[in-house]
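Once you've looked at the hints, dock chain G against the given chain P.
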Amino acid sequence: ALIKQFVADVAWGDLDFLIVDTPPGTSDEHISTVEALRPYKPLGAILVTTPQAVSVGDVRRELTFCKKTGLRVLGIVENMSGFVCPHCSECTNIFSKGGGEELAKHAGVPFLGCVPLDPQLSQSLEEGRDFIQEFPKSTAFPALTRIAQHILDGTSQPSS
Amino acid sequence: QVALLDIDICGPSIPKMMGLEGEQVHQSGSGWSPVYVEENLGVMSVGFLLSSPDDAVIWRGPKKNGLIKQFLRDVDWGVIDYLIIDTPPGTSDEHLSIVQYLGAAHIDGVVIITTPQEVSLQDVRKEINFCHKVKLPIIGVVENMSGFVCPKCKNESQIFPPTTGGAEKMCQNLNVSLLGKVPLDPQIGRSCDKGQSFFSEAPESPATSSYRNIIQRIQEYCDQRHLQEEKII
Numbered sequence: 001a002l003i004k005q006f007v008a009d010v011a012w013g014d015l016d017f018l019i020v021d022t023p024p025g026t027s028d029e030h031i032s033t034v035e036a037l038r039p040y041k042p043l044g045a046i047l048v049t050t051p052q053a054v055s056v057g058d059v060r061r062e063l064t065f066c067k068k069t070g071l072r073v074l075g076i077v078e079n080m081s082g083f084v085c086p087h088c089s090e091c092t093n094i095f096s097k098g099g100g101e102e103l104a105k106h107a108g109v110p111f112l113g114c115v116p117l118d119p120q121l122s123q124s125l126e127e128g129r130d131f132i133q134e135f136p137k138s139t140a141f142p143a144l145t146r147i148a149q150h151i152l153d154g155t156s157q158p159s160s
Numbered sequence: 001q002v003a004l005l006d007i008d009i010c011g012p013s014i015p016k017m018m019g020l021e022g023e024q025v026h027q028s029g030s031g032w033s034p035v036y037v038e039e040n041l042g043v044m045s046v047g048f049l050l051s052s053p054d055d056a057v058i059w060r061g062p063k064k065n066g067l068i069k070q071f072l073r074d075v076d077w078g079v080i081d082y083l084i085i086d087t088p089p090g091t092s093d094e095h096l097s098i099v100q101y102l103g104a105a106h107i108d109g110v111v112i113i114t115t116p117q118e119v120s121l122q123d124v125r126k127e128i129n130f131c132h133k134v135k136l137p138i139i140g141v142v143e144n145m146s147g148f149v150c151p152k153c154k155n156e157s158q159i160f161p162p163t164t165g166g167a168e169k170m171c172q173n174l175n176v177s178l179l180g181k182v183p184l185d186p187q188i189g190r191s192c193d194k195g196q197s198f199f200s201e202a203p204e205s206p207a208t209s210s211y212r213n214i215i216q217r218i219q220e221y222c223d224q225r226h227l228q229e230e231k232i233i
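Just so you know, the protein sequences line up as chains P and G, in that order.
Letter by letter, the first sequence follows residues 1 to 160 of this note's numbering.
Letter by letter, the second sequence follows residues 1 to 233 of this note's numbering.
Bound conformation, chain P alone (with noise of 0.2 Å):
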C-alpha cells in the first residue's frame, strides 16, 4: 500500500527518469512496485550483482521475476568487481570477477559494465555528497559513466 501511496500520491513534477531501488529479492516490493508502474509502461529493470557465484545465483531468479512479469530488462551491472590497492596499484579480486558477465552473456541480456570497489564512492555515499562532482578522477567514476551511458543508448530505443 505504501509502494502504491507513493507512486500515485508524491507530487513528482515533470520527470525524465523515475528510478525505482528496490531491496533484492522477487517479494511484496517487487510485485507492488511492477504492478503500481505498469500503466507508466517502465523502460526496464536493471540488475545488480557483485561478480561472486552466490550472488549470481540470486540474480538469475530475479531474471526470471522480470521475464514472467513482462519487465524488460535494461541490462546487468557488475558492483564492487575488483579493488586497486591505492598504495601499488595491484588489482584484487575481493569478491571474484566476471560473473556479472557471464550471466548477462548467459541471459542474452545487455551487460552495462563493471564498478570496481571504491573508497571514495563509499565515503560519497555516506557523506550524501555528489560522488561525480567530487571524485571525478577516482575509478569508479569512468564506469559509472559507461554504465549511465549504455542505459540512455539502451531507452531511446524503442522497446520490443
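Since the hints were made in silico from the structure, they are not lab data.
One thing to keep in mind: the hints can contain errors.
[What the hints assert, rightly or not] Quick partial rundown of chain P residues pointing at chain G, CB under 7 Å, derived from the structure:
1. Pro24
2. Gln52
3. Val54
[Claimed, not checked] Distance condition first, Cα-Cα at most 30 Å in a straight line; then the derived DSBU-like pairs of lysine-lysine:
4. G:Lys133 with G:Lys169
5. P:Lys97 with G:Lys154
6. G:Lys63 with P:Lys67
7. G:Lys194 with P:Lys97
8. G:Lys126 with P:Lys4
9. P:Lys105 with G:Lys194
10. G:Lys135 with G:Lys63
[To be verified] Far from chain G, by Cβ distances over 10 Å, these chain P residues were calculated:
11. Ala8
12. Ser27
13. Ala53
14. Gly70
15. Asn79
16. Asp130
17. Ser138
18. Ile147
19. Ala148
20. Gly154
Heads up, the beta-carbon is just placed ideally off N, CA and C, and yes, glycines get one too.
For chain G alone, kept in the frame of chain P given last:
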C-alpha cells in the same frame, strides 16, 4: 549437532555456500529430511525445493510465512545442539514470523551483521530496535568487510570506511556487544562460491581467527544462558 535453516526464500544462498547445490529434500514418515553437509551439520532451504537455478520464488509475505512454518514443523532435525536461522536483511515477514513461531522455544538470541558503513548501521539500528520490540535477546553485532590488507604491499585500506565510528561506536551507543570484526579476504568469497569450508581452505587467514573468536563468544553466551535457565528451573 548443528542445524542450519535458510529462510531467505527469494534468495536462498545457503545450499551453494554449503556445497549442496542440486540436492533434493527427501520425505519420510518422520517428516522432511535435512540435507547433511557432515553428520553433525544438517541444512534446510527453499533452494532444495527448486528444480532449476533460474526458478524464481515470486511470493508475497503470507506464502513465505507458510513455508517457514513448514520448515519448523515438518523438518526432522533430530536431536540438535544448535538451530541457526539465516534471515534476509530487514524487519519484515520472515523476521516477524520466525519470532512468532519460535515464541515458545525461547530463542537464545540474535547475531546481527553489518559493514562499517553508516548506510549499513542505519539499517542495523532498526533491526536492533526490532529485537527490543519483540523482546528478542541480542547476542551481539559482527562487523563484516572490516578493512582489507593488500596481498602485495600489505597496506590496509578501509574500502567501506567507518565514517561514523563503525559497529564499535554503534554498539557502545546502543549497549550491545561487538562480537568481532571480520576483514575482507578474497578467499572467503571463493570458499562460499565453491561450497567449501573457509576454515579448511584458509586456516592461516586473519579472517579465520576472527571467525573463531566470534563463534567462541556466541557459544559462551549460549552456555551462560542455559546455566541461568537451569538455575531458574
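Outcome of the hint check:
1. Pro24: holds (6 Å)
2. Gln52: holds (5 Å)
3. Val54: holds (5 Å)
4. G:Lys133 with G:Lys169: OK: Lys133 of chain G and Lys169 of chain G at ~22 Å, within 30 Å.
5. P:Lys97 with G:Lys154: holds (21 Å)
6. G:Lys63 with P:Lys67: Given that 30 Å is the threshold and the Cα spacing comes to 21 Å, the pair holds.
7. G:Lys194 with P:Lys97: holds (14 Å)
8. G:Lys126 with P:Lys4: Satisfied, since the Cα-Cα distance of roughly 23 Å is no more than 30 Å.
9. P:Lys105 with G:Lys194: Holds - the C-alpha atoms of Lys194 of chain G and Lys105 of chain P are around 21 Å apart, at most 30 Å.
10. G:Lys135 with G:Lys63: Given that 30 Å is the threshold and the Cα spacing comes to 25 Å, the pair holds.
11. Ala8: holds (20 Å)
12. Ser27: Given that some Cβ of chain G is not farther than 10 Å from that of Ser27 of chain P, nearest at about 5 Å, it is violated.
13. Ala53: violated (4 Å)
14. Gly70: Correct as stated: the minimum Cβ-Cβ distance to chain G is 13 Å, above 10 Å.
15. Asn79: holds (13 Å)
16. Asp130: Non-interface label on Asp130 of chain P holds, nearest chain G Cβ at 16 Å vs cutoff 10 Å.
17. Ser138: holds (13 Å)
18. Ile147: It holds; Ile147 of chain P is separated from chain G by about 20 Å at its closest Cβ, greater than 10 Å.
19. Ala148: Consistent with the label, Ala148 of chain P stays out of reach of chain G, its closest Cβ about 21 Å off (over 10 Å).
20. Gly154: holds (23 Å)
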